[in-house]
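Asks: Each chain, letter by letter, is given below.
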Amino acid sequence: MENIQDSQWPIWEVFIQSQPGTPYKHAGSVHGPDKVIAMQNARDTYFRRNEGTSIWIVPSEAIVASNPDEADMFFDPSNDKAYRHPTFYTMPEGALNI
Amino acid sequence: MTHQEALLTYTLRLADNPLILGHRLGEWCSKAPILEEDLAITNMALDMIGRAEALLRYAAEIENEGRTEDDLAYKRAERKFYNHLLIEQPNGDFAYTIARQLFNSAFEFYYYSELMNSKDETLAAIASKSIKEIKYHLKHASDWTKRLGDGTDESKQRMQAAINDLWMYTGELFESDEIEDNLSTIGIAPDASALKGAWKTYITDLLSEAKLQIPEDAYMQTGSRDGIHTEHLGFILADMQYLQRAYPEAKW
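Heads up: the sequence lines are chains A and B, in that order.
Each residue of the first sequence is one higher than the one before, counting from 50 in our numbering.
Each residue of the second sequence is one higher than the one before, counting from 167 in our numbering.
Hints are computed from structural coordinates only; laboratory data are not their basis.
There may be inaccurate statements among the hints.
[To be verified] In silico SDA-like links for lysine to any residue, alpha-carbon gap of 20 Å or less:
no. : chain 1 : residue 1 : chain 2 : residue 2
1   : B       : Lys362    : B       : Ser279
2   : B       : Lys298    : A       : Gln57
3   : B       : Lys377    : A       : Asp83
4   : B       : Lys295    : A       : Glu100
5   : A       : Lys84     : B       : Thr318
6   : B       : Lys301    : A       : Ser103
7   : B       : Lys301    : B       : Lys366
8   : B       : Lys298    : A       : Ile104
9   : B       : Lys295    : A       : Arg98
10  : B       : Lys305    : A       : Ser103
11  : B       : Lys322    : B       : Glu375
12  : A       : Lys84     : B       : Lys312
13  : A       : Lys74     : A       : Ile104
14  : B       : Lys241    : B       : Arg411
15  : B       : Lys298    : A       : Thr94
16  : B       : Lys298    : A       : Val85
17  : B       : Lys295    : A       : Gly101
18  : B       : Lys312    : A       : Glu119
19  : B       : Lys305    : A       : Pro82
20  : B       : Lys301    : A       : Gly101
21  : B       : Lys197    : A       : Gln57
22  : B       : Lys301    : A       : Gln89
23  : B       : Lys377    : B       : Ile297
24  : A       : Lys84     : B       : Arg313
25  : B       : Lys312    : B       : Asp331
26  : B       : Lys305    : A       : Tyr95
Isolated chain B (complex conformation):
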């Protein structure tokens, strides 16, 4: 694999997380528990779509075959999507969405803090812009986790169920493969495995403050780096890509 191919794959991995999460969060539009939360979640969805756009544009530039960021978003097949499995999990109830946000935002906080120092100037610049958004997303998810965990019996039970259900998708965040290892060696990609300790400490402290139990590490589901997904991604793509598939080159 050439350096160009490796950088393209890596940039797509970075881009697909905010792209898919942006669509997931967008599904809350008009359905959140309270109007203010509706705005908060869709604001975060827009943060995600903005970041995805910047990363996909860079991916298209690296690929240099005349495709645009829209082509990459709307005309790529499922097996060519590399977002983490955690990201594509359904919204569930509000607690479920908050748990997904918490795990992902905490990971992104540590990951993007490192990515800001990337030797790749474009990725470093995108990371520097994104980190402010990520800090807010993490605060939002953390504050809600504490309130739901230490709230009523029902909110506690729902929050704990969400934490338990999504735990099996957190192992994958800290994996890497040859592509990422090589890019880490030359200072472009952060070493994800080195961030696991800090992430675990943050989550453990927060869950304990929220009076929630941290799950035991057991079986961890994986596959996204090879484009292997859970059954949920296909449905998102069907929604997201329908228009361009049905009416190619449609504009609005």
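If we strip away everything but chain A, and leave its shape as in the complex, we get:
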């Protein structure tokens, strides 16, 4: 990753859970000198309008991202594997939410 100089505090990625039991979703990022202040900043930045019930924050440098240069090797092989989608059976009559 490029080393872009940031004169501010370390960056933290913020994940929010909209309701108990649902997956955490990436909401964005905040600055914070340590995890306590970063957590407050996450709350103040992303939880102002009743967005959810739980927050995770993760130091951005702890996130390992896939390499865009390897995208063809990583992702293209799954493009033509239609049989991996569970669509090759008939739905039982009356079952609406499988």
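Given chain A's structure and the hints, the job is docking chain B onto it.
Replies: Relative to the frame of chain A, chain B by itself:
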């Protein structure tokens, strides 16, 4: 003084603290040290304005003369404002704002914890709603006090200066007068003087953790219960009330 007049005065005292502090904190908008802090401080300003609105609406209801919460906020004269002197002190630097927040939020935490048990149902309900916000404000101010006090030489020096400068306005928080004493007797108002010990312990422990000195109790400035203010309140009101004074009944 009738009970109605006493309850009105008391409710205005409760309302004016969040009203004026909301405006003070709002002055940080776009000027905070970092974007996230800008949002944090203005969030707290909105918490304050929301609480002030609920309390002023109740005050207008008690008064029962057809005035609204807006009339009480925008058309009252300085001598009729009863917020604590601490509240109206200027924002200063970030440390100054944090010190003001710390002293006030710690006071509000103990005060509103009691007010939740008020025999006045409206005040009790407003207190129950506010206490969650107050807990967060106290945590925010406490965490920052520790970091500034135990941070760099400059942050420590600024935080200590703010604590020292604002100390003289903390005595007033625990005062009362005949109005409040009477309302305490009938279970409506908390007895502020009884909360001083808990407040002092919290502040002493926190400042010691933050490696800051607790100031000696010396001269304490007072006057807000009678509407006597420092020179700073007039400037806030000039800003806040300008529109309604210049264009009465203006709506937007």
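Asks: Now, for every hint given, state plainly whether the structure supports it.
Replies: Hint check:
{"no.": "1", "hint": "B/Lys362 <-> B/Ser279", "result": "holds, 14 Å"}
{"no.": "2", "hint": "B/Lys298 <-> A/Gln57", "result": "violated, 30 Å"}
{"no.": "3", "hint": "B/Lys377 <-> A/Asp83", "result": "holds, 19 Å"}
{"no.": "4", "hint": "B/Lys295 <-> A/Glu100", "result": "holds, 19 Å"}
{"no.": "5", "hint": "A/Lys84 <-> B/Thr318", "result": "holds, 19 Å"}
{"no.": "6", "hint": "B/Lys301 <-> A/Ser103", "result": "holds, 18 Å"}
{"no.": "7", "hint": "B/Lys301 <-> B/Lys366", "result": "holds, 17 Å"}
{"no.": "8", "hint": "B/Lys298 <-> A/Ile104", "result": "holds, 18 Å"}
{"no.": "9", "hint": "B/Lys295 <-> A/Arg98", "result": "holds, 16 Å"}
{"no.": "10", "hint": "B/Lys305 <-> A/Ser103", "result": "holds, 18 Å"}
{"no.": "11", "hint": "B/Lys322 <-> B/Glu375", "result": "holds, 12 Å"}
{"no.": "12", "hint": "A/Lys84 <-> B/Lys312", "result": "holds, 14 Å"}
{"no.": "13", "hint": "A/Lys74 <-> A/Ile104", "result": "holds, 9 Å"}
{"no.": "14", "hint": "B/Lys241 <-> B/Arg411", "result": "holds, 7 Å"}
{"no.": "15", "hint": "B/Lys298 <-> A/Thr94", "result": "holds, 18 Å"}
{"no.": "16", "hint": "B/Lys298 <-> A/Val85", "result": "holds, 18 Å"}
{"no.": "17", "hint": "B/Lys295 <-> A/Gly101", "result": "holds, 19 Å"}
{"no.": "18", "hint": "B/Lys312 <-> A/Glu119", "result": "violated, 46 Å"}
{"no.": "19", "hint": "B/Lys305 <-> A/Pro82", "result": "holds, 16 Å"}
{"no.": "20", "hint": "B/Lys301 <-> A/Gly101", "result": "holds, 19 Å"}
{"no.": "21", "hint": "B/Lys197 <-> A/Gln57", "result": "holds, 16 Å"}
{"no.": "22", "hint": "B/Lys301 <-> A/Gln89", "result": "holds, 13 Å"}
{"no.": "23", "hint": "B/Lys377 <-> B/Ile297", "result": "violated, 28 Å"}
{"no.": "24", "hint": "A/Lys84 <-> B/Arg313", "result": "holds, 12 Å"}
{"no.": "25", "hint": "B/Lys312 <-> B/Asp331", "result": "holds, 18 Å"}
{"no.": "26", "hint": "B/Lys305 <-> A/Tyr95", "result": "holds, 18 Å"}
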